[in-house]
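Student: Letter by letter, the chains look like this.
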Amino acid sequence: MMQNLQKIIFFIALAVFTQTIYSQDHGGVKSLRGSADIKQSSITPEQKRWQSDREPVDRAFVHQPPIIPHKIVGYQINKKFNKCLTCHSWANYKESGATKLSMTHFSDRDGNDLANVSARRYFCTQCHVPQVDAKPLVGNTYQPTRGLQAR
Amino acid sequence: MAIKSRFKKYICMLKSPSAKYSLGGLLTIGFVAGVIFWGGFNTAMEATNTETFCISCHEMKENVFVEYQNTIHYANRSGVRATCPDCHVPKEWTHKIIRKIKATNELYHKALGSINTPDKFEKKRLKLARNVWKEMKATDSRECRNCHDYESMDFSFQQRRAISQHSKGFEEGKTCIDCHKGIAHSLPTMFEEDPSAAIAVPIKK
Numbered sequence: 004m005m006q007n008l009q010k011i012i013f014f015i016a017l018a019v020f021t022q023t024i025y026s027q028d029h030g031g032v033k034s035l036r037g038s039a040d041i042k043q044s045s046i047t048p049e050q051k052r053w054q055s056d057r058e059p060v061d062r063a064f065v066h067q068p069p070i071i072p073h074k075i076v077g078y079q080i081n082k083k084f085n086k087c088l089t090c091h092s093w094a095n096y097k098e099s100g101a102t103k104l105s106m107t108h109f110s111d112r113d114g115n116d117l118a119n120v121s122a123r124r125y126f127c128t129q130c131h132v133p134q135v136d137a138k139p140l141v142g143n144t145y146q147p148t149r150g151l152q153a154r
Numbered sequence: 015m016a017i018k019s020r021f022k023k024y025i026c027m028l029k030s031p032s033a034k035y036s037l038g039g040l041l042t043i044g045f046v047a048g049v050i051f052w053g054g055f056n057t058a059m060e061a062t063n064t065e066t067f068c069i070s071c072h073e074m075k076e077n078v079f080v081e082y083q084n085t086i087h088y089a090n091r092s093g094v095r096a097t098c099p100d101c102h103v104p105k106e107w108t109h110k111i112i113r114k115i116k117a118t119n120e121l122y123h124k125a126l127g128s129i130n131t132p133d134k135f136e137k138k139r140l141k142l143a144r145n146v147w148k149e150m151k152a153t154d155s156r157e158c159r160n161c162h163d164y165e166s167m168d169f170s171f172q173q174r175r176a177i178s179q180h181s182k183g184f185e186e187g188k189t190c191i192d193c194h195k196g197i198a199h200s201l202p203t204m205f206e207e208d209p210s211a212a213i214a215v216p217i218k219k
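Protein chains in written order, with our numbering: chain A, 4 to 154; chain B, 15 to 219.
Just chain A, same shape as in the assembly:
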């Protein structure tokens, strides 16, 4: 009888102790779920939307890969086919009215000129990305170099 009572007291104490530990502050570290309790569902972050078609966007610095001024959802870019190039390749840009890709895409890393887009420049989205309507997380005062600023 006495032993059982001891056991019960021990487990109650353990439960209270763990409860205090888990409800404590974790030194500012926050999980991806935020501070939502384990039993609650976390709040879905706001869905960002891809920006739709617009004029080409100015570059902010020299050698910046231009950003993509349209949606590319569902575009297939793999070793078999590149959707982007059906408009932006040298063979197709005139008909589609798209920007053609620059000569830099036709050379390998040793500077040899190739007859077609180089494998290292073939996967467009490695450098070129579309934009969503997200607001910058922090403000900044960055200005493009004067040579690139619109007049």
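Please note: incorrect hints may appear among the correct ones.
Derived DSBU-like pairs: lysine-lysine, alpha-carbon spacing no greater than 30 angstroms straight-line [what the hints assert, rightly or not]:
| no. | chain 1 | residue 1 | chain 2 | residue 2 |
| --- | --- | --- | --- | --- |
| 1 | B | K182 | A | K74 |
| 2 | B | K134 | A | K83 |
| 3 | A | K83 | B | K75 |
| 4 | B | K137 | A | K82 |
| 5 | B | K182 | A | K97 |
| 6 | B | K138 | B | K124 |
| 7 | A | K83 | B | K138 |
| 8 | B | K29 | A | K82 |
| 9 | A | K86 | B | K151 |
| 10 | B | K137 | A | K86 |
| 11 | B | K114 | B | K124 |
| 12 | A | K82 | B | K134 |
| 13 | B | K138 | B | K75 |
| 14 | B | K188 | A | K74 |
| 15 | A | K103 | B | K134 |
| 16 | A | K74 | B | K151 |
| 17 | B | K137 | A | K83 |
| 18 | B | K148 | A | K97 |
| 19 | B | K124 | B | K137 |
| 20 | A | K86 | B | K188 |
| 21 | B | K114 | A | K82 |
If you're looking for bench data, these hints aren't it; they were derived computationally from the structure.
Note that this is a predicted model, so its numbers are computed, not measured.
Following the hints, complete the assembly by docking chain B onto the known chain A.
Tutor: The following block gives chain B in isolation, referenced to the frame of chain A:
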């Protein structure tokens, strides 16, 4: 000899008027049998016109169906879905029957196992895709236009690029499939179609 004479007997029976049954009775039986046969025929044909039927073959289920699930014709904002037969089987009866007869060739290749592995399928993909493109081109993209009717297409609701491309394309007499290839399935190796839109070195066969 016996078979021949029996055959002749049946022909004679078909030729001579009925002495036992009334014309009305015969007509009624014929009418009912016709309804059952015709209804049964169309029901059976419609049963082959469903997604469930299409993906009952692993060739479809494991290749093209998987690819299609990532596209806008499968899932989109308004929840309208175009399933396999919506694009691949004509709606109009005559064209539907012609397509169904052509499909017997697909049964033959199913039996042969022409595309029974992903590898075999991939090797045949360009040829198969070209068949579909050719057919769509020939019918002026009839199956697309079941839903995407040019007459009810309001360019002012479209995006910048779509407006210019559509007005230009339609003016030049282009049809949907001329530009919209590979919208519901992965494209084949396109080096032969447009070398400028594929990687510099053709993939080893």
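Student: Hints first: check each against the structure and report whether it holds.
Tutor: So, going through the hints one by one against the coordinates:
1. For a cut-off of 30 angstroms, the pair hint linking K182 of chain B to K74 of chain A stands: about 21 angstroms separates their Cα positions.
2. With a CA separation close to 16 angstroms, the supplied pair K134 of chain B and K83 of chain A stays within the 30 angstroms bound.
3. Taking the CA atoms of K83 of chain A and K75 of chain B, the gap is near 21 angstroms; set against the 30 angstroms cutoff, the hint holds.
4. A threshold of 30 angstroms between alpha carbons decides the hint, and for K137 of chain B with K82 of chain A the separation of about 14 angstroms falls inside it, so the pair holds.
5. Using a Cα cut-off of 30 angstroms, the hinted pair K182 of chain B and K97 of chain A holds, with the two alpha carbons roughly 13 angstroms apart.
6. Taking the CA atoms of K138 of chain B and K124 of chain B, the gap is near 14 angstroms; set against the 30 angstroms cutoff, the hint holds.
7. Among the hinted pairs, K83 of chain A with K138 of chain B is consistent with the structure: their alpha-carbon atoms are about 14 angstroms apart, no more than 30 angstroms.
8. For the given pair, K29 of chain B sits about 68 angstroms from K82 of chain A by alpha-carbon distance, which is inconsistent with the 30 angstroms threshold.
9. The straight-line distance between the Cα atoms of K86 of chain A and K151 of chain B is roughly 20 angstroms, inside the 30 angstroms bound, and the hint therefore holds.
10. Between K137 of chain B and K86 of chain A the CA atoms are separated by roughly 20 angstroms; this keeps the pair inside 30 angstroms, and the hint holds.
11. Distance restraint check for K114 of chain B and K124 of chain B: the Cα-Cα separation of roughly 15 angstroms lies within the 30 angstroms cut-off, and the hinted pair is therefore satisfied.
12. Proximity of K82 of chain A to K134 of chain B is assessed by CA-CA distance (about 18 angstroms); at most 30 angstroms being required, the pair is judged to hold.
13. Distance restraint check for K138 of chain B and K75 of chain B: the Cα-Cα separation of roughly 16 angstroms lies within the 30 angstroms cut-off, and the hinted pair is therefore satisfied.
14. As the CA atoms of K188 of chain B and K74 of chain A are separated by approximately 24 angstroms, the hinted pair is consistent with the 30 angstroms bound.
15. Taking the CA atoms of K103 of chain A and K134 of chain B, the gap is near 36 angstroms; set against the 30 angstroms cutoff, the hint is violated.
16. Distance restraint check for K74 of chain A and K151 of chain B: the Cα-Cα separation of roughly 27 angstroms lies within the 30 angstroms cut-off, and the hinted pair is therefore satisfied.
17. The straight-line distance between the Cα atoms of K137 of chain B and K83 of chain A is roughly 12 angstroms, inside the 30 angstroms bound, and the hint therefore holds.
18. The hinted pair formed by K148 of chain B and K97 of chain A meets the criterion: a straight-line CA distance of about 25 angstroms does not exceed 30 angstroms.
19. Restraint check for K124 of chain B and K137 of chain B: satisfied, since their Cα atoms lie roughly 16 angstroms apart, inside the 30 angstroms limit.
20. At roughly 19 angstroms between alpha-carbon atoms, K86 of chain A and K188 of chain B fall within 30 angstroms of each other, so this suggested pair holds.
21. For the given pair, K114 of chain B sits about 35 angstroms from K82 of chain A by alpha-carbon distance, which is inconsistent with the 30 angstroms threshold.
Hint violations for this structure: numbers 8, 15 and 21, all remaining hints satisfied.
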